[in-house]
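Asker: Please work from the sequences and hints to get the whole structure.
Those protein sequence lines, which keep their order, are chains A and B.
Position 322, counted from 1, in the first sequence is what my numbering calls 322; the numbers after and before it change by one each time, with no gaps.
Basically my numbering = 1-based index in the second sequence + 396.
To be clear, the hints were calculated from the coordinates, so they are not data collected in a lab.
This structure is a prediction, so every number in the text was calculated from the model and none was measured.
No incorrect hints appear here.
Just the calculated beta-carbon pair ranges, DEER-fashion:
| no. | chain 1 | residue 1 | chain 2 | residue 2 | range |
| --- | --- | --- | --- | --- | --- |
| 1 | A | Y357 | B | D447 | 49 to 57 Å |
| 2 | A | A62 | B | R598 | 47 to 55 Å |
| 3 | B | S790 | A | R202 | 27 to 35 Å |
| 4 | A | R202 | B | G461 | 50 to 58 Å |
| 5 | A | A117 | B | P640 | 43 to 51 Å |
| 6 | A | G252 | B | A646 | 34 to 42 Å |
Glycine included, every Cβ here is placed at the ideal spot set by N, Cα and C.
Spelled out, the chains give:
There are 2 protein chains.
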Amino acid sequence: MRRMTARPANAHQARLLRLLRDGGPNSRAQLGDQVDLSRSKLAVEVDRLLDTGLVVADGLAASRGGRRSHNIRLAPGLRFLGIDIGATSIDVAVTNAELEVLGHLNHPMDVREGPVAIFEQALALAAKLRASGLAEGFDGAGIGVPGPVRFPEGVPVAPPIMPGWDGFPVREALSQELGCPVMVDNDVNLMAMGEQHAGVARSVGDFLCVKIGTGIGCGIVVGGEVYRGTTGSAGDIGHIQVEPEGRACACGNKGCLEAHFSGAALARDARGRRPAPQLTRTGRAARSGGAAHGRDVAAAAAAGDAASLDLIREGGNRVGQVIADLVSFFNPGLVVIGGGVTGLGHTLLASVRTQVYRQSLPLATGNLPIVLGELGPAAGVIGAARLISDHLFSPA
Amino acid sequence: MRRMTARPANAHQARLLRLLRDGGPNSRAQLGDQVDLSRSKLAVEVDRLLDTGLVVADGLAASRGGRRSHNIRLAPGLRFLGIDIGATSIDVAVTNAELEVLGHLNHPMDVREGPVAIFEQALALAAKLRASGLAEGFDGAGIGVPGPVRFPEGVPVAPPIMPGWDGFPVREALSQELGCPVMVDNDVNLMAMGEQHAGVARSVGDFLCVKIGTGIGCGIVVGGEVYRGTTGSAGDIGHIQVEPEGRACACGNKGCLEAHFSGAALARDARGRRPAPQLTRTGRAARSGGAAHGRDVAAAAAAGDAASLDLIREGGNRVGQVIADLVSFFNPGLVVIGGGVTGLGHTLLASVRTQVYRQSLPLATGNLPIVLGELGPAAGVIGAARLISDHLFSPA
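Answerer: Okay, structure coming up:
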């Protein structure tokens with residue numbers, strides 16, 4: 001079932017593949033302008049890529065005077081699988097080589113059911129996508145999990161909300177099942193890569209992507225590349241202390257951001273608050289965990305429920321204080337807010353903005369946009385496809 | 397007076413110059429191993445560098461079998477000037493091309509006297525170093541200032557503790573006076589570069605360097621390069637809020653870290669505390685500003701004064717809390733503590749370590765050393781020399 005047998009032989013070929021992935025079909029002449037290769041060297045590299053089958057001819061380009069240049073594109077049959085394991089649901093999508101989503105399925109499921117059950121479900125969703133005719137097989141798969149990952153080995157490490165996953169060889173197991181190369185990363189990093197590839201962060205070099213779902217995490221992009229830190233835990237802001245003697249957190253500490261504001265915390269607050277927020281759909285929510293509760297608070301707030309609005313504002317203030325510190329420290333060019341709780345939308349965004357613009361140094365906030373993600377649940381799966389394509393479009 | 401007229405013509409030459417700077421004299425054969433160039437291409441590039449005079453022959457290398465290779469080194473007459481403007485003193489040093497300090501002068505002076513007076517003094521110190529025979533002239537100068545800098549232009553921007561400096565064209569003015577290229581950066585970034593080049597952070601790719609002097613700042617190194625952020629203010633952690641309704645800060649906000657712990661804050665606390673710490677040398681301290689006060693607290697603590705020790709522990713706890721958050725966020729491979737207040741040494745370090753190891757996620761602290769800087773006041777001037785040499789040893 002393994003299909004993409006060739007890899008780029010050198011850095012020039014890798015760069016050409018990525019340009020075709022990110023910019024779509026293009027003429028030899030215009031690619032030459034972008035890679036800074038002589039006409040003859042470019043011709044050699046493109047011919048070699050055509051020989052491997054990774055790239056195919058795609059008709060004649062528009063004339064630039066003189067002989068018309070040939071268009072080339074990535075092989076139209078290449079297929080990547082993107083899997084995004086959330087705390088309470090699984091997203092699986094298949095993309096083409098340009099990372100366009102051809103099909104996308106979602107299935108609610110608690111990550112605490114453990115890796116065996118989760119992967120059985122994820123593989124079933126992948127098989128369904130394949131059976132629908134979108135892919136004959138997969139050339140590679142990217143997968144995100146909601147916790148820290150030892151990136152080189154593709155193994156989750158001590159993930160607080162994922163009992164049973166610690167040390168599970170995700171990359172190896174999934175690669176064996178799928179018969180193709182697999183890369184594993186933190187779900188928040190994938191969201192950042194997705195928004196960078198096809199969403200609101202296109203063309204931004206340094207940015208933060210804060211995901212507020214059942215937990216809270218932050219993707220850090222430096223110079224266009226995800227920064228993962230020394231042991232892969234960079235961006236793990238959910239356990240920054242916001243209350244010295246605050247609530248007990250799943251990680252064992254007290255007063256963590258995540259314990260005070262996240263999908264799970266919001267649901268707890270909503271249940272405890274008098275007057276109780278006017279929650280809707282609580283039956284389903286109670287069954288499927290905290291994130292759904294978060295969505296219920298959002299729905300109630302959207303319907304004008306004052307208690308729900310208060311909860312969101314308070315939470316936004318807390319997240320905003322942490323983001324304000326990170327903005328002072330990291331001086332990003334953009335802050336993206338995403339994840340399940342972005343159903344809370346503009347109320348949340350307003351609180352976050354207020355805190356950041358009030359507390360961070362003016363020099364860091366002068367031209368700083370703070371925006372909601374554009375891609376919703378597609379960000380993670382597109383990021384996953386991007387992750388594996390970055391790997392495959394690198395020199396072997 | 398301008399001496400270094402040539403610049404490397406391409407990336408290979410730049411890489412060779414940096415290898416000779418960081419590793420000292422070397423044989424052609426061993427350099428060839430490091431730059432991954434064919435023997436003939438390497439010979440061409442080395443010959444071109446010899447023609448420019450940036451590199452000179454340095455005798456025969458030890459035999460590796462066959463013909464003996466020639467040693468080469470950077471021109472022994474190259475001289476860089478490093479200037480480190482602190483809040484309360486100026487450090488000026490001259491280095492050779494390998495960034496070894498040949499001479500170093502320090503002069504106490506308040507940065508609030510403004511750029512004209514400060515530069516007059518800095519230039520006088522540089523002239524004194526030149527007159528002592530250490531340099532016939534300077535091939536380039538790096539300079540650090542204690543505030544945010546718009547890096548491409550070399551201009552301080554809205555620096556809270558530097559009235560009179562906002563928008564002053566430091567790079568241009570100094571370049572005109574010295575007759576050589578000049579690069580300007582934040583003092584904390586230079587400290588990080590210094591510790592990386594010749595101190596405790598050698599060979600560490602991702603680390604944080606926290607400078608606690610009159611103010612507090614943080615140098616961020618990602619993949620061996622200083623990360624400056626979108627507008628040059630990255631690492632500006634002195635204005636992270638540690639007390640919601642805390643002390644008024646020079647920046648206009650309340651409860652900033654810098655207002656609660658720094659050389660200046662420590663001095664204020666020492667004066668207000670009952671029983672008063674047993675300060676020494678307060679006459680000199682009162683004249684020369686907060687940092688000297690900080691040193692007095694250090695001296696009293698070293699002599700066993702309980703009130704001084706308490707002040708340091710409290711301060712260390714506060715800085716430690718902020719560093720704990722940054723460790724969770726950035727997952728560095730090393731944290732370096734430096735600056736004037738490191739006279740507080742191991743008492744401070746113990747408090748910081750306690751907070752970080754208690755509050756950050758175990759995955760981020762597992763192998764994380766938290767250490768004092770090795771170079772003291774030399775870190776800034778070596779970093780300044782490194783900054784300008786990075787600029788000069790880049791393709792023109």
